[in-house]
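Visitor: Protein chains in written order, with our numbering: chain A, 6 to 162; chain B, 6 to 162.
The hints are simulated quantities; they were obtained by calculation from the structure and are not laboratory data. Misleading hints may appear alongside valid ones.
Claimed, not checked - Lysine-lysine pairs mimicking DSBU-like chemistry, simulated, CA-CA at most 35 Å apart: (1) A/111 to A/25; (2) B/109 to B/124; (3) A/145 to A/113; (4) B/134 to A/134; (5) B/113 to B/124; (6) B/113 to A/134; (7) A/37 to A/109; (8) B/124 to B/25; (9) A/134 to B/111; (10) B/37 to A/124; (11) B/24 to B/145; (12) A/37 to B/37; (13) A/124 to B/134; (14) B/145 to B/37; (15) A/37 to A/25; (16) A/37 to A/113; (17) A/109 to B/134; (18) A/111 to B/134; (19) B/111 to B/145; (20) B/134 to A/37; (21) A/25 to A/134; (22) B/124 to A/37; (23) B/134 to B/24; (24) A/111 to A/134; (25) B/145 to A/37; (26) B/109 to A/145; (27) B/134 to B/109; (28) A/134 to B/145; (29) A/109 to A/134; (30) B/111 to B/37; (31) A/145 to A/25; (32) A/111 to A/145; (33) A/134 to B/109; (34) B/134 to A/113; (35) B/37 to A/134; (36) B/37 to B/113; (37) A/111 to A/124.
Stated by the list, open to error - Simulated restraints, written as ranges between beta carbons of each label pair: (38) A/77 to B/75: 36 to 42 Å; (39) B/100 to A/54: 30 to 36 Å; (40) A/109 to B/83: 34 to 40 Å.
Positions of the beta carbon are idealized from the N, C-alpha and C atoms, including for glycine.
There are 2 protein chains.
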Amino acid sequence: MQRVTNCFLQQNDQLLMLKKPSYDWWNAPGGKMEPGESVYDSVRREFREETGLALERPHLRGVFTFITMEDGLTANEWMMFTFEAFGSEGRLLNESPEGILEWKEKQKVSSLPMAEGDKAIVEHILSNKGTVYGTFRYTKDRRLLDSRFEQSTSYYT
Amino acid sequence: MQRVTNCFLQQNDQLLMLKKPSYDWWNAPGGKMEPGESVYDSVRREFREETGLALERPHLRGVFTFITMEDGLTANEWMMFTFEAFGSEGRLLNESPEGILEWKEKQKVSSLPMAEGDKAIVEHILSNKGTVYGTFRYTKDRRLLDSRFEQSTSYYT
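Please work from the sequences and hints to get the whole structure.
Guide: Shown next, in the form of C-alpha cells:
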C-alpha cells in the first residue's frame with residue numbers, strides 16, 4: 006500500500022507550499038514512505054529532500070485514507086500522514102526537484118489550485134487543534150466522490 | 006500491508022487488557038483494519054467487537070512500524086495505530102471472541118507476559134503525553150532485534 010507523509014511548515018502566518026508539475030496543484034511538501042520507515046523519519050527525510058529544510062519538532066496532525074473507485078469497486082487505496090511544524094533549520098532550496106516552492110499566506114492557501122480532498126485537509130488542519138482523521142473516495146480521473154472527517158483532541162492539554 | 010488499530014482504555018487507574026490464546030500474551034484490545042477504513046473507524050469497530058464497549062473520544066497516541074527480518078532482509082512489514090480513551094459506553098463482554106478480557110492495574114501492566122515491543126509501547130504511551138512514533142525489527146520467531154522511539158507534542162497544549 007502506498008503511504009505518503011507531508012508537513013505544513015508555518016512561519017509568520019505563512020505556509021510553505023509546493024506546486025507539483027502534474028495538474029499544477031499545490032500541496033504541502035512531502036512524498037512516499039520507504040519500506041520499513043517510520044512516519045516520523047519519513048516526513049523529515051521527504052521534507053528535507055523537497056525543500057532543503059530540516060523540520061524542527063514535527064507533530065502528526067492527520068491520518069487520511071484515500072480510495073480510488075472503479076466500476077463501484079475499490080481499485081486502489083493509499084494513506085497520508087500529515088504533520089505540522091513551526092520551525093526548521095537550513096536554507097530553502099531555490100528550486101525543488103519536485104516543483105515550485107513558495108511561502109503562501111495561510112488564509113489564502115485553500116483558494117490555491119489544489120486537489121479537492123487536499124483543500125479540505127488544509128482547512129481542517131488549520132482550523133482545528135487536535136488530530137484529524139479523514140476518508141476520501143475518488144474516481145479514477147481524480148474527481149472527489151465523498152469525504153468524511155473525524156477529529157479528537159489530546160487528554161493532556 | 007497489514008494494519009492494526011488498538012486502544013488503551015483507562016478507568017480508575019486500570020487498563021482494559023486482552024490475552025489472546027496465541028503465546029498467552031496480553032495487549033490492548035484491537036485488530037486488523039479493513040480495506041478503505043479510516044484508523045478512527047477501525048479502532049471503534051475493533052474495540053466494540055472484542056470488548057462489547059463503544060469507545061468515547063478515542064485519541065491517536067502512537068503510530069508504529071513493525072518489520073520481520075529474514076536472512077538479513079525485510080520479509081514483512083505492518084503498522085499499528087494505538088489510541089487512548091478514558092470512557093466507554095455499553096457492557097463489557099463476559100467472554101471476548103478473541104481471548105480473556107481483564108482490567109489490570111496501570112502500574113503493573115508492563116510486567117504482564119507481552120511481546121517485547123508491545124511492552125515498550127505500553128511504557129511509552131503511559132509515561133508520555135504526546136504522540137509516539139516507533140519502529141521495531143523482529144526475527145521470524147518473534148524475537149525483538151531492535152526498536153526506536155520518537156515523540157512529539159501538540160503545539161496547542
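Visitor: Does each hint hold? Answer for all of them.
Guide: Hint by hint, here is what the structure shows:
{"no.": "1", "hint": "A/111 to A/25", "verdict": "holds, 19 Å"}
{"no.": "2", "hint": "B/109 to B/124", "verdict": "holds, 14 Å"}
{"no.": "3", "hint": "A/145 to A/113", "verdict": "holds, 28 Å"}
{"no.": "4", "hint": "B/134 to A/134", "verdict": "holds, 15 Å"}
{"no.": "5", "hint": "B/113 to B/124", "verdict": "holds, 11 Å"}
{"no.": "6", "hint": "B/113 to A/134", "verdict": "holds, 33 Å"}
{"no.": "7", "hint": "A/37 to A/109", "verdict": "holds, 23 Å"}
{"no.": "8", "hint": "B/124 to B/25", "verdict": "holds, 15 Å"}
{"no.": "9", "hint": "A/134 to B/111", "verdict": "holds, 28 Å"}
{"no.": "10", "hint": "B/37 to A/124", "verdict": "holds, 30 Å"}
{"no.": "11", "hint": "B/24 to B/145", "verdict": "holds, 21 Å"}
{"no.": "12", "hint": "A/37 to B/37", "verdict": "holds, 23 Å"}
{"no.": "13", "hint": "A/124 to B/134", "verdict": "holds, 30 Å"}
{"no.": "14", "hint": "B/145 to B/37", "verdict": "holds, 20 Å"}
{"no.": "15", "hint": "A/37 to A/25", "verdict": "holds, 14 Å"}
{"no.": "16", "hint": "A/37 to A/113", "verdict": "holds, 26 Å"}
{"no.": "17", "hint": "A/109 to B/134", "verdict": "holds, 32 Å"}
{"no.": "18", "hint": "A/111 to B/134", "verdict": "holds, 28 Å"}
{"no.": "19", "hint": "B/111 to B/145", "verdict": "holds, 30 Å"}
{"no.": "20", "hint": "B/134 to A/37", "verdict": "holds, 28 Å"}
{"no.": "21", "hint": "A/25 to A/134", "verdict": "holds, 28 Å"}
{"no.": "22", "hint": "B/124 to A/37", "verdict": "holds, 30 Å"}
{"no.": "23", "hint": "B/134 to B/24", "verdict": "holds, 26 Å"}
{"no.": "24", "hint": "A/111 to A/134", "verdict": "holds, 15 Å"}
{"no.": "25", "hint": "B/145 to A/37", "verdict": "holds, 27 Å"}
{"no.": "26", "hint": "B/109 to A/145", "verdict": "violated, 48 Å"}
{"no.": "27", "hint": "B/134 to B/109", "verdict": "holds, 20 Å"}
{"no.": "28", "hint": "A/134 to B/145", "verdict": "violated, 41 Å"}
{"no.": "29", "hint": "A/109 to A/134", "verdict": "holds, 20 Å"}
{"no.": "30", "hint": "B/111 to B/37", "verdict": "holds, 25 Å"}
{"no.": "31", "hint": "A/145 to A/25", "verdict": "holds, 19 Å"}
{"no.": "32", "hint": "A/111 to A/145", "verdict": "holds, 30 Å"}
{"no.": "33", "hint": "A/134 to B/109", "verdict": "holds, 32 Å"}
{"no.": "34", "hint": "B/134 to A/113", "verdict": "holds, 33 Å"}
{"no.": "35", "hint": "B/37 to A/134", "verdict": "holds, 28 Å"}
{"no.": "36", "hint": "B/37 to B/113", "verdict": "holds, 26 Å"}
{"no.": "37", "hint": "A/111 to A/124", "verdict": "holds, 12 Å"}
{"no.": "38", "hint": "A/77 to B/75: 36 to 42 Å", "verdict": "holds, 39 Å"}
{"no.": "39", "hint": "B/100 to A/54: 30 to 36 Å", "verdict": "violated, 51 Å"}
{"no.": "40", "hint": "A/109 to B/83: 34 to 40 Å", "verdict": "holds, 37 Å"}
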